[in-house]
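Chains as they are written, first to last, in the numbering used here: chain A, 1 to 324; chain B, 1001 to 1324; chain C, 2001 to 2356; chain D, 3001 to 3356.
Hints were generated in silico from the structure; no laboratory data involved.
Predicted model only: the values in this text are computed from it and were never measured.
You can take every hint at face value.
List of simulated lysine-lysine pairs, DSS-like, C-alpha gap at most 27 Å:
| # | chain 1 | residue 1 | chain 2 | residue 2 |
| --- | --- | --- | --- | --- |
| 1 | C | K2014 | B | K1039 |
| 2 | A | K39 | D | K3280 |
| 3 | C | K2245 | C | K2291 |
Selected chain A positions facing chain C (in silico; Cβ < 8 Å):
| # | residue |
| --- | --- |
| 4 | Q61 |
| 5 | A62 |
| 6 | A67 |
| 7 | G69 |
| 8 | I75 |
| 9 | S101 |
| 10 | M104 |
| 11 | P141 |
| 12 | G193 |
Cβ coordinates follow ideal geometry from the N, Cα and C atoms, glycine included.
One letter stands for each residue in the lines below.
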Amino acid sequence: MAELTYRNAVAYGIAQEMRRDPMLVMLGEDIAGAGGVFKTTVGLVEEFGPLRVRDTPISEQAILGAAMGAAMTGIPVIAEIMFSDFLAVCFDILANEMAKSRYMTGGQMTVPVVVRTANGAGSRFGAQHSQSVENWCMMIPGLKVVAPSTPVDVVGLMAAAIRDPDPVVFFEHKSLLASKGDVPDGEIVDELGTAKILREGSDCTIAALAYMVPRALEAAERLANDGISAEVVDLRSLVPLDTKAILGSVEKTGRLYTVEENPRLCGWGAEIASIVADEGFWNLDGPVVRITTPHIPIPSADVLEDLTIPSTERVYETIKTTLN
Amino acid sequence: MAELTYRNAVAYGIAQEMRRDPMLVMLGEDIAGAGGVFKTTVGLVEEFGPLRVRDTPISEQAILGAAMGAAMTGIPVIAEIMFSDFLAVCFDILANEMAKSRYMTGGQMTVPVVVRTANGAGSRFGAQHSQSVENWCMMIPGLKVVAPSTPVDVVGLMAAAIRDPDPVVFFEHKSLLASKGDVPDGEIVDELGTAKILREGSDCTIAALAYMVPRALEAAERLANDGISAEVVDLRSLVPLDTKAILGSVEKTGRLYTVEENPRLCGWGAEIASIVADEGFWNLDGPVVRITTPHIPIPSADVLEDLTIPSTERVYETIKTTLN
Amino acid sequence: MSDEIAEELYDYSKREPRRPTPTDPDVDQYPIPMDVRRRLYRRQQELRQFEQRAYDLFMQNLVKGTSHLSLGMEAVSAGFAEAIRPDDYTFATYRGHAHTLSKGVSPGGVMAELLGRENGILQGKGGSMHLTSVEHNMMGSYAIIGAHLCIANGTAWSAQMRGTDQVTVVFFGDGTTNIGAFHEALNFAVIWDLPIVFVCENNLYMEYTPIDYITAVEHPAADRAPAYGLDRIVVDGNDADAVYKVAADVITKAREGGGPSMVEAVTYRHGGHSRADPGKYRPPEEVEAWKDQDPIQVYHSRLLRLGLPEQDLIEIQQSVATMVDEATEFAKSGQPPSPELAMTDLWADGGSSWRN
Amino acid sequence: MSDEIAEELYDYSKREPRRPTPTDPDVDQYPIPMDVRRRLYRRQQELRQFEQRAYDLFMQNLVKGTSHLSLGMEAVSAGFAEAIRPDDYTFATYRGHAHTLSKGVSPGGVMAELLGRENGILQGKGGSMHLTSVEHNMMGSYAIIGAHLCIANGTAWSAQMRGTDQVTVVFFGDGTTNIGAFHEALNFAVIWDLPIVFVCENNLYMEYTPIDYITAVEHPAADRAPAYGLDRIVVDGNDADAVYKVAADVITKAREGGGPSMVEAVTYRHGGHSRADPGKYRPPEEVEAWKDQDPIQVYHSRLLRLGLPEQDLIEIQQSVATMVDEATEFAKSGQPPSPELAMTDLWADGGSSWRN
Ligand SMILES: Cc1ncc(C[n+]2csc(CCOP(=O)(O)OP(=O)(O)O)c2C)c(N)n1
Ligand SMILES: Cc1ncc(C[n+]2csc(CCOP(=O)(O)OP(=O)(O)O)c2C)c(N)n1
Ligand SMILES: [Mg+2]
Ligand SMILES: [Mg+2]
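Okay, chain A solo, but in the shape it has when bound (with noise of 0.2 Å):
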């Protein structure tokens, strides 16, 4: 057992697959020496070379490319893009190539293809840095989608990533990657579509991703100081989606707040509430509450990014006052 940053946890899950598979190689921009503009892949390439670990230029489109394609022939690949947002350049490849191949083929192709990706507000690095898009991959049908919220479940949703045959795009949050738990020692290898329930609770169920975790969960803990009992799920995987932990807490509490940094329209929040709002009716007993980022683009004033994505006051505050 140790403990590790978030951002350790990233080059210490990939490490692990790494040595376990001498197949599996990584490229990106300034992944290698620098060890990543985030510090994410430090140590890798003094322990795996610069043939597994490679630096490359500024060519989205051509370093998503080259993964695909090495990916058809058997050999599993991790591509960097530095920042979410960037998915949009290399957005092609992404949505229309990789995510279709296997389905157009009629099932020939194959690409175990991981896609790594620094998401989220919280830096005050403006409105073309800070996006959250799991919602851009969501919404794209062949792509699997993970965002981690603890350092463990990096290392493990990180090797379930690496070991699933299919294109996962794995969303690291840049304002978690300072933040600390505890790994246990020996191999840790987790199940994407499974959500997790980090705290029970009969009075609404709060589901969240990401960064959101750890408000919900302190939102949560106000909540209870007034009487009201939240269950909070974080969902960990958008695709697969754990549906039955959903409707299941659904089922018990009666209530849904997602709580997402996507901007409002059409962010996973919404798919969420459509699949409680038709599978889970029965069990309502009142409105489903999305509280997300509204749909501006992130500003860069400290002071202004703050006010947009949902704050653990926010979280708190209109669950009080829509839970009734």
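For this one, chain A is given, so just place chains B, C and D with the ligands on it according to the hints.
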């Protein structure tokens, strides 16, 4: 009053605006002499000349970039992206630049661009030329999104989109191009953000868009034969969204069905379902049901393609069996 | 600007016709063994007759959706096919019937795919624009311009990592040279010294727009090669021998660790861009001139000149005709895909479920 | 592969240092009037002192987020600034402080933006990476590599359509030459004959990776120019006179309808890529060599040599120092943006509502 095809209504609507505003220009691939690969721009270069209707290379980033740059200096521009699937190759300029530039600059930039694109399935073109991607745009703060279902709406919403000072993505549905409708004489200018109730009803609301609208209407007709009174709302515009019309209709009917061509996860139907499950919750008499394309790419064979996007039959059956 | 000039700016059929490259007078003398030349002829016949049949089947409305033929461009595919090994990787665009057949994929399976049948090579799920046979290392046909050049680098990278000497050959059109992915792919291939050959089939038109009208240099691929430190290679794409010779050189170079090359083969499509297109934006004289230099006619005359008995050529033609008939029968005998197939093979587990 | 070589493949500080271009011995003799040279000096001082202050303010934790300085690269921005007109359009990357100031935008407003204050030129909503002043035709700073080259074509196209003789100048880094948008933008500008100048500030590194390690040619921009039919232009980016001379030529050409140009100015950043980066991936000798050829020192010596009294130079330096002090005061006096601003200006109506 003249009967026009949806296809001809596109050029008709653009011509109305090009006559009115001598600064309005168009660019795109094969739009001039060839009249567009869908023949939606036939006659424009002959009337307005090759400097206002201009062919480009296969450089979608250059196309949207040039459109945005010119628009930033006050020139309204219509840019054609041939198939909506190709928005992926220029998604950075669409989602990260055009959409965000006004906000990021504290209101300095105005970007009067209309991005026209052919959307949707039904042509047996396979997974990379058949997608419905309205949700790709709806989810981006700063983009307006329009998708008309009839020739007269094409003309009126085209004018509204062109006159709108913000970037608008205008989806023309491939499977509606040959459909016909009356278009009154004289200038036609519609309003973004306004849905139309095409059929009144009292038992349930069907919210549909573009090619799904005629199918929703047919299903409603069949339901009427069974004694079920369905109200059909043609959304027409996703951003701005006419939430008044939707919530108002559900208040009356108590049940909501959305019919969308987007693959299941994070489609616009989810957004609307989530709005109604929150703000319209107490008006609901039963589950909110989404009828969507399954979460798969579009297959090319005719029999398979016909199974994927919601059919009249599927809309009818779903409502019939779930309305009770 | 006078009205006449203005019209030329969009009615491209009024422009100066661009004429075929005169056949290299030395080509008969190339040291190409006769059995190779026979195969080059046979391959061109296969591609030609297969696509003519595909065209007939459109006309009978048996091929749904769209389709892009290479009629007139057969020499490029044939020339490269003869120069590669079965374990080499190839990539094509939506205009990929020829390159798929050239890699040895069953004509019946390809034809069935065009007809949208379950016995098609993609079970009817991909169609004409996505022909793929992983079994043959034909790594796919790609319908959105640009991406596949980047993806092709990946199979080349894989061969490099695995230490095999497999080469990757990626075909694309002239219009493709103006999209960003082209640039990223070329630079990337060169800096990683990948065993890959980029082949531009310059048929002078993107879709309905002449390539020179929208390209800053005369040779859209070759004139860009130096921007990546590559040699400027242009070849007569209507001559299978010329293509074969260049192909053999660049493939050997890649196989021996000499890194990437780019080849521009100048050719012409006899028909329109796709099914729906009559190709009226081209000066009629231009179309005539290129049809006069049809690669198969050129090759047929050469083989006769080099002493192959006419009877041999007729036999090749007939045996190919039989093969195309059989392929057609196979395709027509196929069933429409069963409905369950719509929901299979999104994921490696064979299904398409997004939830638990 | 030996261990030593392998390490050079990722520890770039162990590589052979790349040295500055020796100053052109003729540059003192360029026919540049002394008042222009005074302005070139003053501008470089402004950029230098402003950014040194910005750096100090980071250190005091007053600048939040990230920030990218041009310390050491001032000659490029100053040289072009002197060659353009106020109504010309400019575009920059996230490394855009210099280019924003060079277009005449208020240093106080820029500094306030770095501090995230409401009196910043973007009301604190954009920050260091998005500096823009439409009023000054400084059309923005763009933080995702590539896009702005395409967007810059648009203002050039606009000038062409409106028949003005405004020129667009777009600055970008060496690393930017490997992304697809670069290629699309260059080809497009040439075929439409746009009045635009592409300026590559080649500071030898993308972020932490040496440009030659990931680029197929030696000069990432200039060696690509012929791929678009453009001249190959490389200039000493540490010499304001050299830059000014080339800038004046290409801008005049564009203004007179001669179409686009691309200029590669070779320079170096004294510090790291961004705020957080100590720049340790560079050979120490290399950093030293470039600091020895600091553009401002070079220019200072030249002006003395050309007879400008030292006192004049001191006065310029001091007046700039005062300006930077004032800018700092202005910035510090600003308030944090008021909360309402978060919800304004998504749309042209001033608001951000997505519903009715
Ligand atoms: C990104 C993208 N833009 C546009 C298209 C539409 N399109 C299909 S084929 C084609 C022309 C391609 O020209 P070229 O590369 O010369 O190939 P050819 O068809 O001549 O073989 C175009 C524009 C596309 N498929 N993808
Ligand atoms: C598409 C994209 N990929 C990656 C980045 C991250 N990034 C920011 S600056 C930079 C280096 C740019 O290098 P260069 O063009 O040489 O400009 P410089 O910073 O040296 O001025 C990178 C990789 C980005 N902003 N956008
Ligand atoms: Mg072509
Ligand atoms: Mg640089």
